[in-house]
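Each protein sequence line maps, in turn, to chains A and B.
My numbering applies: residue 1 is where the first sequence begins, and numbers increase by one.
My numbering applies: residue 1 is where the second sequence begins, and numbers increase by one.
Derived by calculation from the structure, the hints in this document are not laboratory data.
Glycine included, C-beta positions come from ideal geometry on N, C-alpha and C.
It cannot be assumed that every hint is accurate.
To be verified - Per the computed footprint, the stretches of chain A lying under chain B, defined by three or more beta-carbons under 8 Å from a beta-carbon of chain B, are:
{"#": "1", "segment": "19 to 29"}
{"#": "2", "segment": "34 to 43"}
{"#": "3", "segment": "53 to 62"}
{"#": "4", "segment": "108 to 122"}
{"#": "5", "segment": "134 to 140"}
Said to hold, decoys possible - To be clear about the criterion: a stretch of chain B counts as covered by chain A if any three or more of its residues have a C-beta under 8 Å from a C-beta of chain A, and this derived list gives those stretches:
{"#": "6", "segment": "87 to 93"}
{"#": "7", "segment": "213 to 222"}
{"#": "8", "segment": "299 to 311"}
{"#": "9", "segment": "341 to 348"}
{"#": "10", "segment": "356 to 365"}
Chain residues, written in single-letter form:
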Amino acid sequence: MGGDSSIILYLQQSLGGRILDSHAFRGDETIVITREGLLEVFLFLKEDPKLDFNFLTDITAVDYLGKKEPRFEVVYHFYSFRAKHRLRVKVGVPEEDPIVDSLITLWKGANWLEREVWDMFGIRFLGHPDLRRILLYEEFKGHPLRKDYPVNLCQPLVPEREVKGTFVDQRSHNKLMQLKQQFSAKS
Amino acid sequence: MKADTKELPLETMDLQMGPAHPATHGTIKFNLKLVGEKVLDCDVEVGYLHRGFAKSCEQATWTQVIPYTDRLNYVSPLINNVGYAMTVEKLLGVETPPRCQCIRVIVSEISRITDHLTCCGMAASELGAITVGFYMIEAREFLMRIVETLTGARLTTTYTRIGGVKHDLPEDFTEQVTQAFQKVRRILADCDRLLSRNRIFIDRMSGVGLISQETAIAYGLTGPILRSTGVNYDVRKAEPYLVYDQLEFEVPLGTKGDNYDRFVCRIQEIEQSMRIVEQALREIPLGPISLEDPRVVIPEKEKVYNSIEGMMHHFMIIMEGIQVPPGEVYFAVEGANGELGFYIVSDGGGKPYRLRVRPPSFIAMSACHEMIKGYMVADIVPTFGMINMIAGECDR
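Kindly produce the complete structure, drawing on both the sequences and the hints.
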């Protein structure tokens, strides 16, 4: 474990006040950093020869509704091919202003991972070129992995999206319209 | 192009390939922008098989999550089972007995072979080599039968338990595996003769879907796609879990990072996996297959029916779930398509507070446009085949 905690010690020396908290529960080195100056910290992690975290393993988020303040935490996992160590970096994100900087300039793989976090948690990424929903559809209401999203919530039916230049079979179109009318008459 | 030939008008065409397309096994949609037959731009749409895996897991006890993990990568469900169980064990801070670890290695490697056989067979049959497709599916069938005798199911295996596995290996397991491997080796030799020097196959695969080492690392690719570019990263070697550090095996690497390299990597990995299984079967120790910790593993039925403690432990684990200490861990195993990681947050209750899977297929699909751009529409088929996207894992 001596070698493990040396990463955290080194980070505390070089980043100082940026690190709010750190732990190594079950050997997983973790640091919590401030939301301000996020990109500089990640650039340091990537470029520093001693750390050399060149591989972004994963980006995800956790919703600590009513357990912690700030409510959300965006969690980044890194790995270094050369030094063979891992690091977890967490950033607190408050509910009223859910925005963090996008890592897309540093790692291209952040693109889809950040889109998924936006989709599931409603956290926006500043500087992301294409922040659309990824697993769900654009008309989906709410963000399902938030703790205040009920498990058995039904989503409203959405009208068929018109895609420009697509051939539309009128028969299926008419049938869909009929179904829609039936549905609206019932409710 | 000769100077005097007339150029075709460079008008772009939008083509939507999918969601139900015969060459894309699994529902996925490519929104392509084409010039003639060349792909200019590509936007991949995933999510057709999204079923709220993470949200479902938050409602289930730690043990009830195991069946959900079967449905992640449904071509090699046992690796998911092992990965999940080991993550929870890391959170609990316990280690399983050596026999259990050996069994887990064996089942993981058999699953890896079935996954690679499916991937290579399907990719070959999509290019017209349907004989190879059928041969490889036949080979997979021999291994599926072993999985079936062991777990009672082909897909919904649910074989691991937190702190152990469901049952011990059957008595004639070694014999069955030896026989099956003999047949698999013979079939692989046949496929090699049919395919590896086949002009059509090489023309379609070689130099197609190229990805450089830097791009692969920037996208976070793992598994055969990363190794085909020459990066030696395999979780089994980099951070050995179970008994992988005591077993001898090699990590096949490619040089160019094209589809043919990926294919060769996978075929060679099959041989290495068989080597691992044979070694593990030779050196498997006797002993218990589960922990004997009543807080983690349900006691034997005899104790449950005949003693009050046994009854209570059984009741608590079934009704309340295993009590896992609060904390967070990340643990990765080498899945058939790359690093399969689990990030679990526990709040100290009987259910996971947050369960995140790092899906190798999802991350591979995020780099898919890089491998498709600039090639023909027909080249999408082998490239997509060698990525081996498993919708259950990609969309969760």
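Outcome of the hint check:
no.: 1; hint: 19 to 29; in the structure: holds (count 3)
no.: 2; hint: 34 to 43; in the structure: violated (count 0)
no.: 3; hint: 53 to 62; in the structure: holds (count 7)
no.: 4; hint: 108 to 122; in the structure: holds (count 7)
no.: 5; hint: 134 to 140; in the structure: holds (count 4)
no.: 6; hint: 87 to 93; in the structure: holds (count 3)
no.: 7; hint: 213 to 222; in the structure: holds (count 6)
no.: 8; hint: 299 to 311; in the structure: violated (count 0)
no.: 9; hint: 341 to 348; in the structure: holds (count 4)
no.: 10; hint: 356 to 365; in the structure: holds (count 5)
Consistency note: the structure conflicts with the earlier hints numbered 2, 8.
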